[in-house]
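Peer 1: Following the hints, put chains F, Z and X in place on chain H, whose structure we already have.
4 protein chains.
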Amino acid sequence: MRVGLVGLGYWGPNLARNFDLLADLAWLCDLDEQQRAGFSTRYPRAQTTGDYADLLADPELDAVVIATPVPTHYDLAKQALEAGKHVLVEKPPAMKAREMDDLVEIAAGRDLVLMPGHLLLYHPGVRKLKELVDSGELGDVLCVYTNRQNLGIVRTNENALWSLGVHDLSVILWLIGEDPVEAIAHGRDFLTEGVEDVVFCYLRFPSGKIAHMHLSWLDPHKMRKMTVVGRERMVVFDDMELERKVTVYEKGPWKQSEAYGEWQTRSGDIHIPKIDTSEPLRIECQAFLDLIAGDGDRRTVAEDGAMVVRALDRLTESLRA
Amino acid sequence: MRVGLVGLGYWGPNLARNFDLLADLAWLCDLDEQQRAGFSTRYPRAQTTGDYADLLADPELDAVVIATPVPTHYDLAKQALEAGKHVLVEKPPAMKAREMDDLVEIAAGRDLVLMPGHLLLYHPGVRKLKELVDSGELGDVLCVYTNRQNLGIVRTNENALWSLGVHDLSVILWLIGEDPVEAIAHGRDFLTEGVEDVVFCYLRFPSGKIAHMHLSWLDPHKMRKMTVVGRERMVVFDDMELERKVTVYEKGPWKQSEAYGEWQTRSGDIHIPKIDTSEPLRIECQAFLDLIAGDGDRRTVAEDGAMVVRALDRLTESLRA
Amino acid sequence: MRVGLVGLGYWGPNLARNFDLLADLAWLCDLDEQQRAGFSTRYPRAQTTGDYADLLADPELDAVVIATPVPTHYDLAKQALEAGKHVLVEKPPAMKAREMDDLVEIAAGRDLVLMPGHLLLYHPGVRKLKELVDSGELGDVLCVYTNRQNLGIVRTNENALWSLGVHDLSVILWLIGEDPVEAIAHGRDFLTEGVEDVVFCYLRFPSGKIAHMHLSWLDPHKMRKMTVVGRERMVVFDDMELERKVTVYEKGPWKQSEAYGEWQTRSGDIHIPKIDTSEPLRIECQAFLDLIAGDGDRRTVAEDGAMVVRALDRLTESLRA
Amino acid sequence: MRVGLVGLGYWGPNLARNFDLLADLAWLCDLDEQQRAGFSTRYPRAQTTGDYADLLADPELDAVVIATPVPTHYDLAKQALEAGKHVLVEKPPAMKAREMDDLVEIAAGRDLVLMPGHLLLYHPGVRKLKELVDSGELGDVLCVYTNRQNLGIVRTNENALWSLGVHDLSVILWLIGEDPVEAIAHGRDFLTEGVEDVVFCYLRFPSGKIAHMHLSWLDPHKMRKMTVVGRERMVVFDDMELERKVTVYEKGPWKQSEAYGEWQTRSGDIHIPKIDTSEPLRIECQAFLDLIAGDGDRRTVAEDGAMVVRALDRLTESLRA
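Going down the list, the sequences are from chains H, F, Z and X. According to the numbering used here, the first sequence is numbered sequentially starting from 1. According to the numbering used here, the second sequence is numbered sequentially starting from 1. According to the numbering used here, the third sequence is numbered sequentially starting from 1. According to the numbering used here, the fourth sequence is numbered sequentially starting from 1.
No false leads were mixed into what you were given.
Pairs of lysine-lysine, DSS-like flavour, derived with a Cα cap of 27 Å:
| # | chain 1 | residue 1 | chain 2 | residue 2 |
| --- | --- | --- | --- | --- |
| 1 | X | K225 | X | K274 |
| 2 | H | K274 | Z | K130 |
| 3 | Z | K128 | H | K251 |
| 4 | X | K251 | F | K128 |
Derived Cβ-Cβ restraints for the label pairs, each shown as a range:
| # | chain 1 | residue 1 | chain 2 | residue 2 | range |
| --- | --- | --- | --- | --- | --- |
| 5 | Z | T41 | H | G136 | 56 to 64 Å |
| 6 | F | S278 | X | D140 | 27 to 35 Å |
| 7 | Z | P124 | X | T72 | 51 to 59 Å |
| 8 | X | G194 | Z | D297 | 39 to 47 Å |
| 9 | X | G296 | Z | E193 | 35 to 43 Å |
| 10 | F | S278 | Z | T41 | 26 to 34 Å |
| 11 | F | M223 | H | I153 | 21 to 29 Å |
| 12 | X | T277 | Z | R98 | 53 to 61 Å |
| 13 | H | K222 | X | D54 | 43 to 51 Å |
Simulated from the structure, these hints should not be mistaken for laboratory data. Yeah, the Cβ is synthetic: ideal placement off N, Cα and C, and Gly gets one too.
Isolated chain H, as found in the complex:
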């Protein structure tokens, strides 16, 4: 499988390293000549270029991996799909729901892979959450809430919803599998006008499930945590833990007596399953190659990505209201 990478900045090096191991890294593209020179030494078998058209014009190139700044994602992804290339594009693949729908349609029409780089979906801990939800072990899922808080990089061009929330949202929607009927965001821009630093999001789904995100880069705590409250069991994924990423609580509320409608709560054992420590990005890159090879459902992957952009779009509207 021949793969071309565009965008060698912040995240690009990690993608280069993985695709060099898993596939044939054929092209490295960046506008910055010095960046290209550095990568050329490390990956001598790859061709380098400053012109994206070179990748699209290569008839032997199977796939394009896009790790450029967010505002360029849609355009570059569209060009690649139209040139008949499979596409892995960093999140979010587009900034408007209708742009993403556009990409999904083109990919579907040509039966190409369109995969957004939602890294968390390939984290073994999050996959454990999904497995617990899907197996019914938790009972009905009532509520999913996430905390992504820290005193960290304060962006001035992208707010906490787009910068932090996209991670949690991809997981929430993947676990619940529904488009929300209500999507409300509140927040404030304390440091840079128009760029919210603290955002709270509330989602309600057709099935009655609810979700919440607490997003902030002005916070004394360092949290990357997701909690799933099921009627039978509850699960927490805590990405700040080293050896206790996933904790399953054998506790839940249950109705003691139909007659009186009284609720009791029940506590029980706690179980911390060992979670595979494989690099999530390695798994993600392999999943992309597998989709190209025909393993997995490429249609669903693209549509899940569209669900995320739709929700981000609606939350942004709510935040601005």
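Peer 2: This is chains F, Z and X only, laid out in the frame that chain H set:
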């Protein structure tokens, strides 16, 4: 100071114990005869009665302490004030903003103490928060958020907002000292129809400050925590900690360069001041007696209580919308 | 069952409360008249006396519970046994191994219960440890170590070994079930001459197992913890935890290859079983009554107690050397 | 400054990277040709060789850095010193006290630097401990104890004392600055005959201070922790913490009343100073270069190293007894 207590159930015994120590516990009133008998043995100097009118008719009685079920608070408090008694009433003192305004007006008209039993306001850890906010040590307060979550008592007659949120709200409003311009609540009633188990509240204030509450009794974590994010420092009050109730983080965001508008974050020392371990209820009861004796600002205490009921009222409306 | 209690000080009230519930609390004995008066009001059915002989002379009295200062234990226990009474005596029952052997012999000769009040042995968390050890789930037990550290009450008449170590030692010897072949203690008396504040103990057993105790009341940490390292699994009992008293680690070392003699370590799931929250003292008192009634092995209980005193005796000698 | 490195295995690459940045990395020496080839590509300016004599014969070479297996340290260090080179040698520099004395003497005779690579002594958190001890802020130091426990690499040629204990011992002796009058070790070889997996060490010093080390690679906990108990304050260095490496407890015992000889304990504020996150190895390498340049006391550094080997030697004897 002669004090009469009405309501000997859940919280009443604690109030009896404290007022017996700090003042002259003159009357014990409850509809349940057995309850009265038990208390009579323990507090032989107090008179017991099943008739609230006995307290109001006692010309020597200075104050009435009300620890009956919530729906009765307003009525009993009103009667006491009209009988010329000072009143300490468990939270919330009323279930509607206009009822609370009514009580505040009567108390003001007769210059009587009307104090809601907001226990957290008398917790030495919360008082430390207040001191840090008021001294300016935190810099501008940007955001206050609270977490009150647990798998605990599931009430069927009072939702998480009224049962859990009243605690946090009293502190948020005390720290910020403003009526919110926006008060929005989201939540769901999973166990008992019409009684929300999980509630998220967002408040925005005239000064631009914001606040958030995460309230739930369907949760694997046991949290009773308040975080204050200031522009210079951040503080956390964690009531689940035994010896580390208050943590001050010497970190905050700050603008590095006016020219580029870039923000940097700064981390620093962490300080955990020793917090007095006095019983908050003892301090609360003493504060009530002090107010009666003329120490402290009785008008502000009543008005702070009214601010809490107003906010609860608006949040309830938002939740029902 | 008619029970008499001698010693109404520090621990006595807890014993009185429990035996009043579980049996017929017939006598309360203390030299202090005021103490007796207070207890008399609370337990009107019990007779009070300042003369221990009154208990021994009561032919209807089945058992004596001794909660007096440590130096009096041996003598009071001996008198009670000689008067034909079953005995529960606070730890340690004697300060010298030969005194304890004496008590065991008298009890055995008259087939009386002689039970030392080793509270931890009745803690549901410690019983879980014992169950895991005895079932073989841990594999061979290699090492047991305990940490009992704090900045707490500094005694001036009893060192950390006797004051703190007696708890851990009772558990270690119960889990391992052997008299040590080596018993070495090191420590220092920083605050009061001759009274060690910090003590480290090392024990080696005939089977090759080892144990260690770290005992201190000059410590910034508050620890009450026991760790059992088995060849297959490891278990921790942490009495400072509220809901996570016992943690089982599915990890251990194992030999990968016989050929090279290389060892690998293996990590795995972590399991935190729900532990019954019954009051350990209630269980202890009931166990005493059961032994009198003929349930359980009264001989073993006395002999286990003797093993503890023997080890304390040897460790004290080592510490003084 | 021209530096030659011998031993390119486990730790060598880290030393190469740092000395390449801080000095002139002139020689790379290893018996393994493939290792040399790999390093040669990365450090093209350095000469490579399989013959240690090449380094010693280079008259322009100022210093030799030794990162070979432990049993070779003494011999290689001796040769280097005799060839007039300054020496940085991984810990421990020798396996016998008299060998280390030998090295110290040669270095002193020729006024050469002989620095053992005790990495922890250059950790900013440990330097904070030292500063707190030396400034008198802790009051008299009473006890230092360390915990280095984990389920980790199980060595078959080096026991837990030499493999883990050397780290803690270097810090304990640096903080206390005395040769112990008592040095006792207990432990057991559970996995490989003759190689202790669990070791407890007790040290007593002329000043009356004591120290203890708990060393194990058969443990469910992952601990790298040092606690210093002073009469006024207590400090903990916890290397498993990310942002809370050093915690200072404003608490200590103090004598309330001379008359009764009673001790009280005092609790107070907790302070967590921000610790510089510089790489300790960078600081260590720079310290070596500084010593060569004449900054710092090269005599003390060598003698501190000798104190460590002497203590290890005595503890080993005790363990074998």
